[in-house]
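*Asks:* Chain by chain, the residues run as shown.
Protein chains: 2
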Amino acid sequence: MNRDVEISEVGPRDGLQMLKGIMPTSAKKAWIAALAAAGLPEIEVCSFVPPKLLPQMADAAEVVAYARTLPTLHVAALAPNAKGTARAIEAGAHKITLPLSVSHSHSLANVRKTPNEMVEEIRESAKLRDASPSKPGIEAGLSTAFGCTIEGTVAESEVVRLAVAAIAAGADEVGLADTTGMANPQKIKQVIANVRREIGDRLTGVHLHNTFGLGLANALAAYEAGLRTFDASQAGLGGCPYAPGATGNVVTEDLVYMFESMGVRTGIDLEKLMEGRRILAEAFPNEPLYGYVPAIGLPKNYRPAA
Amino acid sequence: MNRDVEISEVGPRDGLQMLKGIMPTSAKKAWIAALAAAGLPEIEVCSFVPPKLLPQMADAAEVVAYARTLPTLHVAALAPNAKGTARAIEAGAHKITLPLSVSHSHSLANVRKTPNEMVEEIRESAKLRDASPSKPGIEAGLSTAFGCTIEGTVAESEVVRLAVAAIAAGADEVGLADTTGMANPQKIKQVIANVRREIGDRLTGVHLHNTFGLGLANALAAYEAGLRTFDASQAGLGGCPYAPGATGNVVTEDLVYMFESMGVRTGIDLEKLMEGRRILAEAFPNEPLYGYVPAIGLPKNYRPAA
Chain A
1 MNRDVEISEV
11 GPRDGLQMLK
21 GIMPTSAKKA
31 WIAALAAAGL
41 PEIEVCSFVP
51 PKLLPQMADA
61 AEVVAYARTL
71 PTLHVAALAP
81 NAKGTARAIE
91 AGAHKITLPL
101 SVSHSHSLAN
111 VRKTPNEMVE
121 EIRESAKLRD
131 ASPSKPGIEA
141 GLSTAFGCTI
151 EGTVAESEVV
161 RLAVAAIAAG
171 ADEVGLADTT
181 GMANPQKIKQ
191 VIANVRREIG
201 DRLTGVHLHN
211 TFGLGLANAL
221 AAYEAGLRTF
231 DASQAGLGGC
241 PYAPGATGNV
251 VTEDLVYMFE
261 SMGVRTGIDL
271 EKLMEGRRIL
281 AEAFPNEPLY
291 GYVPAIGLPK
301 NYRPAA
Chain B
1 MNRDVEISEV
11 GPRDGLQMLK
21 GIMPTSAKKA
31 WIAALAAAGL
41 PEIEVCSFVP
51 PKLLPQMADA
61 AEVVAYARTL
71 PTLHVAALAP
81 NAKGTARAIE
91 AGAHKITLPL
101 SVSHSHSLAN
111 VRKTPNEMVE
121 EIRESAKLRD
131 ASPSKPGIEA
141 GLSTAFGCTI
151 EGTVAESEVV
161 RLAVAAIAAG
171 ADEVGLADTT
181 GMANPQKIKQ
191 VIANVRREIG
201 DRLTGVHLHN
211 TFGLGLANAL
221 AAYEAGLRTF
231 DASQAGLGGC
241 PYAPGATGNV
251 VTEDLVYMFE
261 SMGVRTGIDL
271 EKLMEGRRIL
281 AEAFPNEPLY
291 GYVPAIGLPK
301 NYRPAA
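Keeping their order, the protein sequence lines are chains A and B.
So for the first sequence, the numbering used here puts the first residue at 1; every next one is plus one.
So for the second sequence, the numbering used here puts the first residue at 1; every next one is plus one.
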């Protein structure tokens with residue numbers, strides 16, 4: 001399938017970890033299957049954190065194993081440290097993302113490690129990857145890259161330093177995460193340019209939150225700056241438990257609509273995507289599901305990109 | 001005051017015309033005063049339509065007269081035809097916008113005239129302007145410039161033709177209105193380039209709706225394409241009675257936030273803008289007020305553009 005951009009669905013990980021309820025494994029599988037059937041090329045299906053900390057992710061290995069049976073899907077998982085990486089490799093993930101928070105305070109709150117200690121976890125994870133037969137990709141997800149709810153402004157020099165350190169430690173790629181939604185289009189372009197100057201096309205994508213309503217504008221800015229991989233979450237679920245108020249990933253449905261209407265091919269079928277939303281609504285009848293296009297329907301002039 | 005962009009508040013016209021209730025004149029005045037005090041340089045305060053058709057606008061002349069007492073404010077009004085222009089001139093408006101719908105069907109539904117007949121209304125209006133002592137500016141607002149809920153796709157050649165015709169008929173400037181929210185960033189840039197090729201800097205601004213969630217992304221695209229005037233509506237009120245489902249202007253609060261956070265000066269104080277919102281909430285306790293920034297507050301790293 002020809003795509004101009006790759007949208008990576010993070011709802012089953014970033015979305016579910018924020019909800020109070022636990023989605024039954026069978027419902028997770030049905031949701032992931034529906035997302036894959038709609039054309040999502042990659043799904044971050046779970047997080048390999050201790051089940052005691054996040055009971056929502058207790059079935060991580062089973063979910064990865066199931067996702068691996070979907071033939072077209074690139075199966076991604078989050079691991080907060082090398083121990084999690086080991087579990088993700090064992091489960092069969094194609095790609096493992098380690099959160100490397102640029103904000104010292106957020107990093108301590110989120111993974112109880114400093115940014116530099118997280119670089120060491122990436123180094124250990126890369127060794128595990130090298131020793132494994134499957135050799136999954138390792139991505140460093142630079143959290144709070146555009147601002148932190150605890151520290152406020154985050155130094156751009158730190159973003160660049162940690163991106164370089166992550167690649168040096170063995171990460172295959174770096175993503176920039178606006179964990180707190182504090183980015184703006186100008187800042188997005190500036191940080192992308194600064195990071196790319198040092199690590200080139202090892203900078204692959206952005207993970208955006210819609211906290212202050214700039215999610216799509218920031219995605220547009222990142223696209224114009226040359227990035228082609230975008231995390232998003234169906235119905236805009238998600239947030240970060242250690243970034244208070246920072247709720248809501250960019251809504252997959254709206255992001256697909258924006259790109260397709262612009263003539264940028266996502267490879268995703270918006271109608272089929274609604275089946276995933278239906279499963280979500282059934283599993284969480286009391287959770288708000290976000291998105292403009294799902295609420296109002298497609299406009300009369302809509303044509304998917306060709 | 002130094003501004004990089006000019007945000008024109010259309011809530012008192014585009015917002016109020018869509019609501020079932022009628023805002024008392026005294027509340028309108030208080031709202032307009034609060035908006036001006038927050039730094040809005042221009043407000044479209046009313047529409048000079050027959051009160052029988054839009055009872056919400058029966059006090060148009062009184063509202064213009066009041067707005068004219070606010071020293072910094074550029075007072076704009078909408079007029080659906082030359083008769084309305086005459087009333088707007090008499091009331092003392094600084095600027096009069098005539099809706100020139102690119103979609104034949106929408107034009108007939110909205111003002112019971114074809115686009116070509118509306119060009120004649122602009123010509124008559126320009127004559128009235130020339131004969132008046134105050135000589136207010138005349139803007140042609142090209143409605144449905146990016147798509148129509150009745151006709152679907154709108155021909156770009158028609159947008160260009162009508163922009164040229166409006167200027168030839170005596171309009172001082174042309175604005176592009178995405179009445180139905182069907183624009184996308186790529187289309188915005190393309191149409192702006194096409195229109196500007198013919199009428200240059202007589203194309204001044206865009207009027208965007210957030211129907212499909214692309215309002216801010218489209219504003220960003222228009223800014224990047226070189227436009228510097230943006231309509232917006234406090235709390236995202238607004239729509240078009242003859243464009244079903246097309247509700248919600250770009251939210252003033254969020255647009256100001258986007259620009260200011262990017263370092264683009266609007267001259268508008270976001271905190272003071274909340275006073276206008278309070279007045280609105282009091283007048284319409286049952287209407288939904290939109291906006292991300294008003295709901296969650298400003299982020300910790302926020303600094304207005306300097």
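To be clear, the hints were calculated from the coordinates, so they are not data collected in a lab.
Careful: at least some of the hints might be erroneous.
Identical chains share a label here; the pair holds if one copy fits it or two copies do between them.
Unchecked claim - Below 30 Å or equal to it, Euclidean Cα-Cα: the simulated DSSO-like pairs (lysine-lysine) are:
hint : residue 1 : residue 2
1    : 52        : 272
2    : 127       : 83
3    : 20        : 127
4    : 52        : 113
5    : 83        : 272
6    : 113       : 272
7    : 20        : 189
8    : 52        : 189
Predicted model only: the values in this text are computed from it and were never measured.
*Asks:* Going back to the hint list, which numbers does this structure go against?
*Replies:* As far as the earlier hints go, 1, 3, 5, 6, 7, 8 are violated by this structure, in ascending order.
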